[in-house]
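Just so you know, we're using the working numbering here: the sequence shown kicks off at 1 and counts up by one.
Each hint should be verified, as a subset may be incorrect.
Unchecked claim - Here are the simulated DSSO-like pairs of lysine-lysine, each with C-alpha atoms no more than 30 angstroms apart in a straight line:
#1 102 with 84
#2 84 with 144
#3 102 with 142
#4 158 with 144
#5 158 with 102
Honestly, the hints are just simulated from the structure, not real lab data.
Note that the structure is predicted; figures quoted are calculated from it, not measured.
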Amino acid sequence: MQDWHIAQLNVATALYELDDPRIAEFIARLDEVNALADNSPGFVWRLQSESGNATDIQATDDPRLIVNMSVWESVEALFDFAYKSAHRLVVGKRRQWFTPPKGAYQVLWWVPAGAQPSVPEGLERLALLDKHGPTKRAFTFKTKFPPPGLAGAPEDLKPEPYCVGWE
Numbered sequence: 001m002q003d004w005h006i007a008q009l010n011v012a013t014a015l016y017e018l019d020d021p022r023i024a025e026f027i028a029r030l031d032e033v034n035a036l037a038d039n040s041p042g043f044v045w046r047l048q049s050e051s052g053n054a055t056d057i058q059a060t061d062d063p064r065l066i067v068n069m070s071v072w073e074s075v076e077a078l079f080d081f082a083y084k085s086a087h088r089l090v091v092g093k094r095r096q097w098f099t100p101p102k103g104a105y106q107v108l109w110w111v112p113a114g115a116q117p118s119v120p121e122g123l124e125r126l127a128l129l130d131k132h133g134p135t136k137r138a139f140t141f142k143t144k145f146p147p148p149g150l151a152g153a154p155e156d157l158k159p160e161p162y163c164v165g166w167e
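From just these sequences and the hints, can you work out the full model?
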């Protein structure tokens with residue numbers, strides 16, 4: 001059996017230009033949050049430019065759309081980083097910096113161990129999730145599908161107690 005890792009993409013549209021003082025706290029915390037990810041159990045890879053983060057990678061025509069993409073050894077390792085580490089303290093402030101999403105803003109999918117997904121692939125998976133809901137090709141923490149080749153029903157990791165949603 002082939003080993004699988006979990007890829008994730010999340011997007012956010014900044015309320016302000018990235019050099020605006022009203023988003024300065026977010027920009028100032030990027031190195032801290034990225035270092036936390038890099039040193040977290042199960043971390044494999046993250047999208048970054050020469051700046052050390054991905055905020056200057058323009059994925060669409062909208063210069064305020066920020067993409068974040070990473071690969072982890074397991075969904076559980078990603079879940080622990082996203083919702084049980086200091087990362088969630090920054091996520092808790094996202095309403096100050098980003099517009100509420102109009103559709104899906106985070107997607108998970110399985111990749112072969114060693115693969116580094118592309119931004120277009122991640123955006124395609126996000127569009128699939130937005131259009132069809134959770135499937136084996138694009139899912140969420142709420143509806144986690146098993147890796148390819150493994151049988152099993154989708155599992156709910158119950159992110160609600162930890163998630164600071166947009167509701």
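Now the hints, each set against the structure:
Our distance criterion of 30 angstroms between C-alpha atoms is met by residue 102 and residue 84, whose separation comes to about 26 angstroms. As the CA atoms of residue 84 and residue 144 are separated by approximately 18 angstroms, the hinted pair is consistent with the 30 angstroms bound. As the CA atoms of residue 102 and residue 142 are separated by approximately 18 angstroms, the hinted pair is consistent with the 30 angstroms bound. Using a Cα cut-off of 30 angstroms, the hinted pair residue 158 and residue 144 holds, with the two alpha carbons roughly 10 angstroms apart.
At roughly 22 angstroms between alpha-carbon atoms, residue 158 and residue 102 fall within 30 angstroms of each other, so this suggested pair holds.
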